[in-house]
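Chemist: Sequence:
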Amino acid sequence: MTKVLVVDDEPQIVRALRINLSARGYRVLTASDGASALAVAAEGRPDVVVLDLGLPDLDGTEVISGLRGWTTVPIIVLSARTDSTDKVEALDAGADDYVTKPFGMDELLARLRAAVRRSAVSHDVGDPVVRTASFVVDLAAKKVHREGVEVHLTPTEWGVLELLARNQGRLVAQKQLLQEVWGPAYAKETHYLRVYLAQLRRKLEPEPARPRHLVTEPGMGYRFEP
Numbered sequence: 001m002t003k004v005l006v007v008d009d010e011p012q013i014v015r016a017l018r019i020n021l022s023a024r025g026y027r028v029l030t031a032s033d034g035a036s037a038l039a040v041a042a043e044g045r046p047d048v049v050v051l052d053l054g055l056p057d058l059d060g061t062e063v064i065s066g067l068r069g070w071t072t073v074p075i076i077v078l079s080a081r082t083d084s085t086d087k088v089e090a091l092d093a094g095a096d097d098y099v100t101k102p103f104g105m106d107e108l109l110a111r112l113r114a115a116v117r118r119s120a121v122s123h124d125v126g127d128p129v130v131r132t133a134s135f136v137v138d139l140a141a142k143k144v145h146r147e148g149v150e151v152h153l154t155p156t157e158w159g160v161l162e163l164l165a166r167n168q169g170r171l172v173a174q175k176q177l178l179q180e181v182w183g184p185a186y187a188k189e190t191h192y193l194r195v196y197l198a199q200l201r202r203k204l205e206p207e208p209a210r211p212r213h214l215v216t217e218p219g220m221g222y223r224f225e226p
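Okay, so the sequence shown: first residue is 1 according to the UniProt record's numbering, each after it adds one.
No lab work stands behind these hints: they were computed from the structure.
The model shown is predicted, which means the values in this text are computed figures rather than measured ones.
Where hints are given, some of them may not hold.
Distance condition first, Cα-Cα at most 30 angstroms in a straight line; then the derived DSSO-like pairs of lysine-lysine [unchecked claim]:
no., residue 1, residue 2
1, 143, 188
2, 142, 175
3, 101, 175
4, 203, 175
5, 87, 3
6, 101, 188
7, 87, 142
8, 203, 188
9, 203, 143
10, 175, 143
11, 87, 101
12, 175, 188
13, 3, 101
14, 175, 3
15, 142, 188
16, 143, 3
Using the sequences provided together with the hints, build the complete structure.
Modeler: Take a look at the structure:
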């Protein structure tokens with residue numbers, strides 16, 4: 001049974017989608033805000049997400065970013081925002097489709113079926129929670145805890161750590177890190193990596209001078225070892 005996560009703070013829309021999806025054999029999970037959406041997605045592992053952008057706690061693009069930290073599940077945005085800028089931001093954040101409110105139920109169901117067909121057999125890149133002997137990385141919530149205490153990371157530090165954690169055990173080339181975290185124009189700025197990896201090690205490694213988890217592969221890149 002295909003699982004659909006419906007994220008919307010309008011009860012009447014959630015009810016309409018639950019009725020129509022359930023009648024067509026879908027299992028429906030629901031969430032009314034961004035934080036609970038990320039939690040339900042991590043626990044319930046839906047096959048497709050239908051997401052409103054105007055949530056009471058997080059913007060929908062933040063939810064998309066949180067999901068994309070650990071899963072490739074299809075995301076269909078369902079929003080009253082019609083401006084092209086909002087559409088571009090949602091799609092750039094990782095959404096697969098965009099439907100504006102008010103919407104036709106038949107069209108939405110058709111788009112949902114198409115998204116499920118296009119999706120891979122397995123959506124998940126890995127578990128959203130990556131545990132090491134020293135710290136825990138929650139890719140869905142975008143948080144890191146060490147000895148039970150949340151560690152504050154800057155957005156750039158998080159970007160580096162997230163990319164490494166999503167590729168745990170695999171070499172991530174210097175160029176890939178620079179392009180994905182800083183942008184294509186920074187592909188040769190390898191000194192950025194030395195600075196930010198040093199900062200991450202000071203915050204996360206028991207012995208920053210002898211890192212166990214954020215490992216340098218000289219001349220090539222870095223590797224995340226749980």
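Chemist: Against each hint, give a clear statement of whether it holds in the structure.
Modeler: Quick rundown of the hints versus the structure:
A threshold of 30 angstroms between alpha carbons decides the hint, and for residue 143 with residue 188 the separation of about 29 angstroms falls inside it, so the pair holds. Among the hinted pairs, residue 142 with residue 175 is consistent with the structure: their alpha-carbon atoms are about 23 angstroms apart, no more than 30 angstroms. Restraint check for residue 101 and residue 175: not satisfied, since their Cα atoms lie roughly 41 angstroms apart, outside the 30 angstroms limit. Distance restraint check for residue 203 and residue 175: the Cα-Cα separation of roughly 24 angstroms lies within the 30 angstroms cut-off, and the hinted pair is therefore satisfied.
The suggested pairing of residue 87 with residue 3 holds, with an alpha-carbon distance near 25 angstroms, which does not exceed 30 angstroms. For the hint linking residue 101 to residue 188, the alpha-carbon distance of about 44 angstroms lies beyond 30 angstroms, and the restraint is violated. For the given pair, residue 87 sits about 23 angstroms from residue 142 by alpha-carbon distance, which is consistent with the 30 angstroms threshold. Annotation: proposed proximity of residue 203 to residue 188 holds, straight-line Cα distance about 25 angstroms (limit 30 angstroms).
Between residue 203 and residue 143, the direct Cα distance comes to roughly 13 angstroms. Compliance with the 30 angstroms bound is thereby established for this hinted pair. At roughly 25 angstroms between alpha-carbon atoms, residue 175 and residue 143 fall within 30 angstroms of each other, so this suggested pair holds. The suggested pairing of residue 87 with residue 101 holds, with an alpha-carbon distance near 13 angstroms, which does not exceed 30 angstroms. Straight-line distance between C-alpha atoms of residue 175 and residue 188 comes to about 7 angstroms, which keeps the hinted pair within the 30 angstroms bound.
Restraint check: the Cα-Cα separation between residue 3 and residue 101 comes to about 22 angstroms, which is no more than 30 angstroms; the hinted pair holds. Pair hint residue 175 plus residue 3 does not hold up; C-alpha atoms about 37 angstroms apart against a cutoff of 30 angstroms. This hinted pair checks out: residue 142 and residue 188 have alpha carbons roughly 27 angstroms apart, not beyond 30 angstroms. Proximity of residue 143 to residue 3 is assessed by CA-CA distance (about 26 angstroms); at most 30 angstroms being required, the pair is judged to hold.
The structure fails to meet hints 3, 6 and 14 from the earlier list, while all remaining hints are met.
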